[in-house]
Amino acid sequence: MYSRQVGGNKLILASSGWTYLRTFVLYDKQTESLWYHMPRTHGLTCIAGEYADSTLREFRSYFTRWIQWKAMHPDTKFMRYP
Amino acid sequence: MIAVRCKRIRSPRRGAWRGMGYLMAVVAVLVSSGCETMVPEQTKATVVVGQQGEIFIVDATGKRWDVTHAVNAYGFVAADFEFGIGPDAIRPINNPIMVSPGESGYPGSDKTFLVIGTTLMGESRAYAINHLNPHEVVNEKFNDLPVAVGW
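Note that the protein sequences, when read in sequence, are chains F and U.
In terms of the numbering used here, the first sequence has 41 at position 41, counting the first letter as 1, and numbering is strictly consecutive.
In terms of the numbering used here, the second sequence has 1076 at position 76, counting the first letter as 1, and numbering is strictly consecutive.
Fair warning: there could be bad hints in the mix.
Here are the simulated PhoX-like pairs of lysine-lysine, each with C-alpha atoms no more than 25 Å apart in a straight line [stated by the list, open to error]:
{"#": "1", "chain 1": "F", "residue 1": "Lys10", "chain 2": "F", "residue 2": "Lys29"}
{"#": "2", "chain 1": "F", "residue 1": "Lys29", "chain 2": "U", "residue 2": "Lys1044"}
{"#": "3", "chain 1": "U", "residue 1": "Lys1141", "chain 2": "F", "residue 2": "Lys10"}
{"#": "4", "chain 1": "F", "residue 1": "Lys77", "chain 2": "F", "residue 2": "Lys10"}
{"#": "5", "chain 1": "F", "residue 1": "Lys29", "chain 2": "U", "residue 2": "Lys1111"}
{"#": "6", "chain 1": "U", "residue 1": "Lys1044", "chain 2": "F", "residue 2": "Lys77"}
{"#": "7", "chain 1": "U", "residue 1": "Lys1111", "chain 2": "F", "residue 2": "Lys77"}
{"#": "8", "chain 1": "U", "residue 1": "Lys1063", "chain 2": "U", "residue 2": "Lys1044"}
{"#": "9", "chain 1": "U", "residue 1": "Lys1141", "chain 2": "F", "residue 2": "Lys29"}
Just so you know, these hints were derived from the structure itself, not from any lab.
Bound-form chain F, shown alone (with noise of 0.2 Å):
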């Protein structure tokens, strides 16, 4: 999980269709900034556009079961989907 937020811009991210090495490339709907998240770094960094050399933190993230977190995180949210 990444932050949007740039300075005081809030970006809205999506795939641009790329891919690198595996990865999906992302961009931001503001500036069509692409961003990849870096082997051996975190967080995304810009790698071209208008927020160039710019970096969105990461924030911890799990990957595992819903019975599992749930278990660990009782009151935890859900998305709803669609």
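Guided by the hints, dock chain U onto chain F, whose structure is given.
Chain U only, in chain F's frame:
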């Protein structure tokens, strides 16, 4: 006794492999539906060099992306960008509804589907992998903190 096993996400590649499966499915659907103009003939990017030496990659919609800085500053190889199915092929989820225990749509505690779980500012949230895969990114907020969930 529930054996708790949670993996801290260390590498973006885990999610990327599953997401790649979805991306290939999108390409397969486009091919089978006859949308040949939207499907790249090869996965590697078409590279175009501009008059001032700018380096562009061109996606299946014809859109040009300037990757000059990525090449010069980060060592990206322009032709190694792949697929280029366009920025609207995979749409993010924006501002989803999060349900609490007891609310409609909240899963039973014994369900075993895969999720991304995160705790921020004291609040825990979970996103089903099956829901994330077709969208890649969820744009939402923890209180006022704007975040993007992906994997």
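Task: Restraint status (C-alpha distance of U:Lys1141 to F:Lys29 at most 25 Å) - done: holds (17 Å)
Task: Holds or violated: F:Lys10 to F:Lys29, with C-alpha atoms at most 25 Å apart - done: holds (10 Å)
TODO: Given the hint that U:Lys1044 pairs with F:Lys77, test it: the Cα-Cα distance must not exceed 25 Å.
DONE: Outside the cut-off at roughly 40 Å; violated.
- [ ] Verify the proposed pairing of U:Lys1063 with U:Lys1044, using a straight-line Cα cut of 25 Å.
- [x] holds (15 Å)
Open item on the list: Checking one constraint from the list: CA of F:Lys29 to CA of U:Lys1111, max 25 Å. Satisfied?
Closed with: Given pair F:Lys29, U:Lys1111 is violated - Cα atoms ~35 Å apart, limit 25 Å.
Open item on the list: With the threshold set at 25 Å, check whether the alpha-carbon distance from F:Lys29 to U:Lys1044 stays at or below it.
Closed with: With a Cα-Cα distance of about 24 Å, the restraint between F:Lys29 and U:Lys1044 holds, given a limit of 25 Å.
Task: Pair hint F:Lys77 and F:Lys10, alpha-carbon separation not exceeding 25 Å - done: Holds, at roughly 23 Å.
Task: Straight-line alpha-carbon gap U:Lys1141 to F:Lys10, limit 25 Å - done: Within the cut-off at roughly 11 Å; holds.
Open item on the list: Against the 25 Å threshold, does the CA-CA distance of U:Lys1111 and F:Lys77 hold or violate the hint?
Closed with: With a Cα-Cα distance of about 14 Å, the restraint between U:Lys1111 and F:Lys77 holds, given a limit of 25 Å.
Hints 5, 6 from the earlier list are contradicted by this structure; the remaining hints agree with it.
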